[in-house]
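Undergrad: Construct the entire structure; sequences and hints are all you get.
2 protein chains.
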Amino acid sequence: MQQSIGIGLAGLGNVGAGVFKHLQANRTLLRERLGLDLEVRRIAVRDSARRASEGFPSALLTENWRELVEDPSVQIVVEVMGRREESLALILESIARKKIVVTANKALLAEHGREIFEAATKYGVPVFYEAAVGGGIPIIKALREALIGNHIISIHGIINGTSNYILTRMQEAGLSFPAALAEAQAAGYAEPDPAFDVNGWDAAHKAIILASLAYGFWVPTDKIFVEGIENLTSADFRFARQLGYGIKLLGIIKATSSTPGSEIEVRVHPTLVPEKHVLASVNGVFNAIAVHGNVVGETLFYGRGAGQDPTSSAILCDIAEAAEALANPRRNLGFMPHGLYGCCKPLDNILSEYYLRLCVEDRPGVIAKISGILGELQIGISSIFQPEADEEGSTVPLVMMLHTATHAQMRTALERIGALDCVCKPPQMIRAEHFS
Amino acid sequence: MQQSIGIGLAGLGNVGAGVFKHLQANRTLLRERLGLDLEVRRIAVRDSARRASEGFPSALLTENWRELVEDPSVQIVVEVMGRREESLALILESIARKKIVVTANKALLAEHGREIFEAATKYGVPVFYEAAVGGGIPIIKALREALIGNHIISIHGIINGTSNYILTRMQEAGLSFPAALAEAQAAGYAEPDPAFDVNGWDAAHKAIILASLAYGFWVPTDKIFVEGIENLTSADFRFARQLGYGIKLLGIIKATSSTPGSEIEVRVHPTLVPEKHVLASVNGVFNAIAVHGNVVGETLFYGRGAGQDPTSSAILCDIAEAAEALANPRRNLGFMPHGLYGCCKPLDNILSEYYLRLCVEDRPGVIAKISGILGELQIGISSIFQPEADEEGSTVPLVMMLHTATHAQMRTALERIGALDCVCKPPQMIRAEHFS
Numbered sequence: 000m001q002q003s004i005g006i007g008l009a010g011l012g013n014v015g016a017g018v019f020k021h022l023q024a025n026r027t028l029l030r031e032r033l034g035l036d037l038e039v040r041r042i043a044v045r046d047s048a049r050r051a052s053e054g055f056p057s058a059l060l061t062e063n064w065r066e067l068v069e070d071p072s073v074q075i076v077v078e079v080m081g082r083r084e085e086s087l088a089l090i091l092e093s094i095a096r097k098k099i100v101v102t103a104n105k106a107l108l109a110e111h112g113r114e115i116f117e118a119a120t121k122y123g124v125p126v127f128y129e130a131a132v133g134g135g136i137p138i139i140k141a142l143r144e145a146l147i148g149n150h151i152i153s154i155h156g157i158i159n160g161t162s163n164y165i166l167t168r169m170q171e172a173g174l175s176f177p178a179a180l181a182e183a184q185a186a187g188y189a190e191p192d193p194a195f196d197v198n199g200w201d202a203a204h205k206a207i208i209l210a211s212l213a214y215g216f217w218v219p220t221d222k223i224f225v226e227g228i229e230n231l232t233s234a235d236f237r238f239a240r241q242l243g244y245g246i247k248l249l250g251i252i253k254a255t256s257s258t259p260g261s262e263i264e265v266r267v268h269p270t271l272v273p274e275k276h277v278l279a280s281v282n283g284v285f286n287a288i289a290v291h292g293n294v295v296g297e298t299l300f301y302g303r304g305a306g307q308d309p310t311s312s313a314i315l316c317d318i319a320e321a322a323e324a325l326a327n328p329r330r331n332l333g334f335m336p337h338g339l340y341g342c343c344k345p346l347d348n349i350l351s352e353y354y355l356r357l358c359v360e361d362r363p364g365v366i367a368k369i370s371g372i373l374g375e376l377q378i379g380i381s382s383i384f385q386p387e388a389d390e391e392g393s394t395v396p397l398v399m400m401l402h403t404a405t406h407a408q409m410r411t412a413l414e415r416i417g418a419l420d421c422v423c424k425p426p427q428m429i430r431a432e433h434f435s
Numbered sequence: 000m001q002q003s004i005g006i007g008l009a010g011l012g013n014v015g016a017g018v019f020k021h022l023q024a025n026r027t028l029l030r031e032r033l034g035l036d037l038e039v040r041r042i043a044v045r046d047s048a049r050r051a052s053e054g055f056p057s058a059l060l061t062e063n064w065r066e067l068v069e070d071p072s073v074q075i076v077v078e079v080m081g082r083r084e085e086s087l088a089l090i091l092e093s094i095a096r097k098k099i100v101v102t103a104n105k106a107l108l109a110e111h112g113r114e115i116f117e118a119a120t121k122y123g124v125p126v127f128y129e130a131a132v133g134g135g136i137p138i139i140k141a142l143r144e145a146l147i148g149n150h151i152i153s154i155h156g157i158i159n160g161t162s163n164y165i166l167t168r169m170q171e172a173g174l175s176f177p178a179a180l181a182e183a184q185a186a187g188y189a190e191p192d193p194a195f196d197v198n199g200w201d202a203a204h205k206a207i208i209l210a211s212l213a214y215g216f217w218v219p220t221d222k223i224f225v226e227g228i229e230n231l232t233s234a235d236f237r238f239a240r241q242l243g244y245g246i247k248l249l250g251i252i253k254a255t256s257s258t259p260g261s262e263i264e265v266r267v268h269p270t271l272v273p274e275k276h277v278l279a280s281v282n283g284v285f286n287a288i289a290v291h292g293n294v295v296g297e298t299l300f301y302g303r304g305a306g307q308d309p310t311s312s313a314i315l316c317d318i319a320e321a322a323e324a325l326a327n328p329r330r331n332l333g334f335m336p337h338g339l340y341g342c343c344k345p346l347d348n349i350l351s352e353y354y355l356r357l358c359v360e361d362r363p364g365v366i367a368k369i370s371g372i373l374g375e376l377q378i379g380i381s382s383i384f385q386p387e388a389d390e391e392g393s394t395v396p397l398v399m400m401l402h403t404a405t406h407a408q409m410r411t412a413l414e415r416i417g418a419l420d421c422v423c424k425p426p427q428m429i430r431a432e433h434f435s
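Keeping their order, the protein sequence lines are chains A and B.
Quick note, in numbering that gives the first Met the number 0, the first sequence goes up one by one and the last residue is 435.
Quick note, in numbering that gives the first Met the number 0, the second sequence goes up one by one and the last residue is 435.
Rather than coming from a laboratory, the hints here were simulated on the basis of the structure.
Any given hint might turn out to be false.
[Stated by the list, open to error] List of simulated lysine to aspartate or glutamate pairs, DMTMM-like, C-alpha gap at most 25 Å:
| id | chain 1 | residue 1 | chain 2 | residue 2 |
| --- | --- | --- | --- | --- |
| 1 | A | Lys222 | B | Asp420 |
| 2 | B | Lys275 | A | Glu432 |
| 3 | A | Lys121 | B | Glu31 |
| 4 | B | Lys222 | A | Glu31 |
[What the hints assert, rightly or not] Selected chain A positions facing chain B (in silico; Cβ < 7 Å):
| id | residue |
| --- | --- |
| 5 | Glu31 |
| 6 | Leu299 |
| 7 | Gly302 |
| 8 | His337 |
| 9 | Leu339 |
[Unchecked claim] Sample of chain B residues lacking proximity to chain A, with all beta carbon distances greater than 12 Å (derived):
| id | residue |
| --- | --- |
| 10 | Asn13 |
| 11 | Arg30 |
| 12 | Arg50 |
| 13 | Glu92 |
| 14 | Lys97 |
| 15 | Asn198 |
Ideal Cβ positions, reconstructed from N, Cα and C, are used throughout, including at glycine.
TA: Printed below as a string of structure tokens:
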């Protein structure tokens, strides 16, 4: 007789319904592989009458999540409500009752990770969150376990499928940002309110989780740099391609040196990626995360970053791990804090390379003025090119690739260049990565 | 005070020396992340005087691996000797003494996996082998844990770096097989005796391990199909590219249906891969494994498949897992056998698509004869093309892409086509995959 483990499912939206479906469909397989039987014993929903009418077993349904947490037959609580205060209360209450928690709630972890894991440590209860980053890609397990012997030198991730779909369409079909966004919404890849996906903050929450796991402390949300994709134009994609780059929204996490103890940086922004780098060919709603460790070298993990099924796959992994941890307590509760790093580099000091697109007057002396400002600020120019102008007129585009400079240097440069009479519009600046 | 765990390192070749080096270098990091201190307490070598003179601590060295296994302060035995009988004896003896085993020995696992895990089950001792497949890529952990809720529909892996380097050079530089092999040997990517790498059997051992893990039984070596890369010509690469394909040595593992319980197939052979598929752009010594699960969909894992450092990264992961398992016994000992699958499809029944290159007489009626034979055997032709001939003469190349047919059908077709008067050399046949 195999032991049966009771699961409480808090939330029956897209992801919750997927978890329920796949737990049923692959139950025998899971039992054989795990040596334990997994049984959903309680489901917290908003509208139990409606859910019962859809075929979910009415005996399991409750509209009060506290009933689920208080049910002694529930040993694992799966939080897929995706809310803030309510989800936090559910998780903390579950931990206090020594129920293992599985959650996909990235915003909550990014903002309350420290608090959640302090409670987890106090009660000795694991919290698992494989589905919070990268959908079905097992990147949490990779960082927490597979690469445990590695100092993480850098992580570069395409970790928001919606924005990657939009950027792919801008790149491949030459669409404007609004047109690509509308297409993503029509295809169901973007929410009616797409703010969190396109302003970079969904990716930022995920980057915070990855960085925290890699460096052993919860990175504060105000220590990271975040810029969205709203201001990219189809001209930028065209010019970037002429220079040999694609443009991706990347979460970038770096340690200053290749040994433990260094400062770290966390940022999310549109980034020029060399066309030959594998991240440049990750298209549509797919996610990919490149991890560079000081022992393993370059690795890459690729898959669907969102959606009912991939997210369910990650949650099934966590449930299996939770079931095993119920029988055998474990040292690592999902996050092992330590003080080997613990310092975020001031944002002004972050180094990057840059693409700069200017709209300038079509007359001699303009490049001299602009390059003079860059020279005074010690910012090197690696190339300058003047693309064919879209329209007839007295202004022309001017594109430059700049060598490494700090954010602070570039801010000053942009202010001074933007103030020149011969520069007609605010400069467009996009960071570039070369994966040396 | 953190608990200290004793490690016995059996073997101090390239991989063993790497494990020793990185355990020292990242010891503090591992201790913080793991909550345990890892200490090498014994090292079995062939020549201890030489190793001592190289700076390895002489107090730890022994030329008798039994001393290491019998040392009561050694709790984890890391087998990186890479031999057969001796490695098997060491592993079985370690298990009988309740020491957790970590091994990178793919040939041994592929041939004796069943025996090793029967012993592991008898004594309740885990055996870990992340380094046996894909070097630093955590594919074992992905299949064993991350994708535990998935029925595995297929695995397509580039899992031999040496052959991938050779194929990359044949494709990119137009080299012949012997020239590309010589280059790989000069670069240190191929052994002086490259047989196991180029005849497909190194990849086959890895494919057996992946298939066994995915389907819950140790796949017998005589139930798989293996073909090496020795007979590929630069002309095949040229013609394949004209048709939109690259050529890769793939390990292919498939279930017949998309639900548990189906027959499976395991094979290793040169394969035409559509240029747009991500596996086609995995070049040089890199490995990549695409896993299609019935919940997660498509995923891909990429990294360095061999070498001291990537292999060490995988072994450090296993050592950390072993250390945790020492404190907390676990249900999954590294392989969970079950009977949900357990049947390999007869090799004659394996379905594939095919590329066929013939050398034929340059006269009318030839295509009619060949397509007549294929038609009688119910093998569909998807395209025929006649490339520019290399040389003047009375014979010309003829290339065909064929629809799905069984191995048995194709064998008959090749016999009959090869016997035609108008066909001047033995036909060249390469399988193709379309990742539908």
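Undergrad: Looking at the structure, which of the earlier hints fail to hold?
TA: 1 and 11
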